[in-house]
Amino acid sequence: MANDIEPADIRILEALQEDGRLTNQALADKVGLSTSPSWRRVRHLEETGVIHGYKAVLNRKAIGLGVLAFIRVKIDSHSEEEAEAFAAEVIGLDEVVACYSIAGDADFLLQVVSPDLDAYADFAMSTLRRLPRIKEMQTTFVLKEIKAFDGLPLRFADKRTQETNGFAGRVAHSE
675 MANDIEPADI RILEALQEDG RLTNQALADK VGLSTSPSWR RVRHLEETGV IHGYKAVLNR
735 KAIGLGVLAF IRVKIDSHSE EEAEAFAAEV IGLDEVVACY SIAGDADFLL QVVSPDLDAY
795 ADFAMSTLRR LPRIKEMQTT FVLKEIKAFD GLPLRFADKR TQETNGFAGR VAHSE
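Going by our numbering, the first residue of the sequence shown is number 675, and it counts up by one from there.
To be clear, the hints were calculated from the coordinates, so they are not data collected in a lab.
Note that the structure is predicted; figures quoted are calculated from it, not measured.
Treat each hint with caution, since some may be false.
Straight-line distance between alpha carbons at most 20 Å, and here's what the computed DMTMM-like set of lysine to aspartate or glutamate pairs gives [to be verified]:
{"id": "1", "residue 1": "Lys809", "residue 2": "Glu756"}
{"id": "2", "residue 1": "Lys748", "residue 2": "Glu758"}
{"id": "3", "residue 1": "Lys729", "residue 2": "Asp790"}
{"id": "4", "residue 1": "Lys809", "residue 2": "Glu758"}
{"id": "5", "residue 1": "Lys748", "residue 2": "Glu680"}
{"id": "6", "residue 1": "Lys821", "residue 2": "Asp693"}
{"id": "7", "residue 1": "Lys809", "residue 2": "Asp824"}
{"id": "8", "residue 1": "Lys704", "residue 2": "Asp693"}
{"id": "9", "residue 1": "Lys704", "residue 2": "Glu720"}
{"id": "10", "residue 1": "Lys729", "residue 2": "Glu754"}
{"id": "11", "residue 1": "Lys729", "residue 2": "Asp693"}
{"id": "12", "residue 1": "Lys809", "residue 2": "Glu754"}
{"id": "13", "residue 1": "Lys735", "residue 2": "Glu680"}
{"id": "14", "residue 1": "Lys821", "residue 2": "Glu720"}
{"id": "15", "residue 1": "Lys704", "residue 2": "Glu680"}
{"id": "16", "residue 1": "Lys748", "residue 2": "Glu810"}
{"id": "17", "residue 1": "Lys818", "residue 2": "Asp790"}
{"id": "18", "residue 1": "Lys729", "residue 2": "Glu688"}
{"id": "19", "residue 1": "Lys809", "residue 2": "Asp750"}
{"id": "20", "residue 1": "Lys821", "residue 2": "Glu688"}
{"id": "21", "residue 1": "Lys809", "residue 2": "Glu755"}
{"id": "22", "residue 1": "Lys809", "residue 2": "Asp796"}
{"id": "23", "residue 1": "Lys809", "residue 2": "Asp779"}
{"id": "24", "residue 1": "Lys818", "residue 2": "Asp832"}
{"id": "25", "residue 1": "Lys748", "residue 2": "Asp779"}
{"id": "26", "residue 1": "Lys735", "residue 2": "Asp792"}
{"id": "27", "residue 1": "Lys735", "residue 2": "Asp790"}
Taking the hints into account, I'd like the entire structure generated from these sequences.
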């Protein structure tokens, strides 16, 4: 799919990652297209699953979620069935904002938010620890968020763009 992404698509994706509320006219102006081609490209990116939604980015502290933690989890069995069952349980937990299946000395990495340490302890001990498949868990608390997720790097989206421009940096804004 990445090979089908053209330079104009990358400009659109960069603009929408920066501000998903842009009107079609503002987006077209920003990426150097007229409104119809801009709209068609956005629709195509949506239909092919490159864009799979638009959301507001919330400040977790402003809504009372002061604790951010990562929990490394080992499960009892490495069978696909057990891993899928654990994942299904975790998906339903509101405190878990992201879950990754990982390689190494743990099986899963959970990103968890909580109002405070007491609420985190209650969640960890009363909810998470009681899931039937957990063998071991280790928590790492975030002291300071240096760089939060702010969109995906698009310089890797289209190798042809990198080769044409002769660099591996940001995609040039010309066609």
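Here is what the structure says about each hint:
1. The suggested pairing of Lys809 with Glu756 holds, with an alpha-carbon distance near 12 Å, which does not exceed 20 Å.
2. Taken as a hint, the Lys748 and Glu758 pair is honoured in the structure, with Cα atoms around 13 Å apart against an allowance of 20 Å.
3. A C-alpha spacing of about 25 Å is found between Lys729 and Asp790, which places the hinted pair above 20 Å, so the restraint is violated.
4. Pair hint Lys809 plus Glu758 holds up; C-alpha atoms about 15 Å apart against a cutoff of 20 Å.
5. Simply put, Lys748 and Glu680 have alpha-carbon atoms about 41 Å apart, too far for the 20 Å limit, and the pair is violated.
6. For the hint linking Lys821 to Asp693, the alpha-carbon distance of about 18 Å falls within 20 Å, and the restraint holds.
7. In summary, the hint linking Lys809 to Asp824 is not supported, as the alpha carbons are separated by about 33 Å, beyond the 20 Å threshold.
8. With a CA separation close to 11 Å, the supplied pair Lys704 and Asp693 stays within the 20 Å bound.
9. Between the alpha carbons of Lys704 and Glu720 the distance comes to roughly 19 Å, so the proposed pair stays at or under 20 Å and holds.
10. Distance check on the hinted pair: Lys729 and Glu754 sit about 32 Å apart at the alpha-carbon level, beyond 20 Å; violated.
11. Under the criterion of a C-alpha separation no larger than 20 Å, the hint pairing Lys729 with Asp693 is consistent with the structure, at around 10 Å.
12. At roughly 16 Å between alpha-carbon atoms, Lys809 and Glu754 fall within 20 Å of each other, so this suggested pair holds.
13. As the CA atoms of Lys735 and Glu680 are separated by approximately 38 Å, the hinted pair breaks the 20 Å bound.
14. Between Lys821 and Glu720 the CA atoms are separated by roughly 27 Å; this puts the pair beyond 20 Å, and the hint is violated.
15. About 16 Å separates the Cα atoms of Lys704 and Glu680, which keeps this hinted pair within 20 Å; it holds.
16. With a C-alpha separation of about 5 Å, the suggested pair Lys748 and Glu810 falls inside the 20 Å cut-off, and the hint holds.
17. With a C-alpha separation of about 15 Å, the suggested pair Lys818 and Asp790 falls inside the 20 Å cut-off, and the hint holds.
18. Between Lys729 and Glu688, the direct Cα distance comes to roughly 15 Å. Compliance with the 20 Å bound is thereby established for this hinted pair.
19. For a cut-off of 20 Å, the pair hint linking Lys809 to Asp750 stands: about 5 Å separates their Cα positions.
20. At roughly 18 Å between alpha-carbon atoms, Lys821 and Glu688 fall within 20 Å of each other, so this suggested pair holds.
21. About 16 Å separates the Cα atoms of Lys809 and Glu755, which keeps this hinted pair within 20 Å; it holds.
22. Proximity of Lys809 to Asp796 is assessed by CA-CA distance (about 18 Å); at most 20 Å being required, the pair is judged to hold.
23. For the hint linking Lys809 to Asp779, the alpha-carbon distance of about 12 Å falls within 20 Å, and the restraint holds.
24. Proximity of Lys818 to Asp832 is assessed by CA-CA distance (about 34 Å); at most 20 Å being required, the pair is judged violated.
25. Simply put, Lys748 and Asp779 have alpha-carbon atoms about 8 Å apart, close enough for the 20 Å limit, and the pair holds.
26. A distance of roughly 16 Å separates the Cα atoms of Lys735 and Asp792; the hinted pair therefore holds under the 20 Å criterion.
27. Between Lys735 and Asp790 the alpha-carbon distance is near 10 Å, which keeps this suggested pair within the 20 Å criterion.
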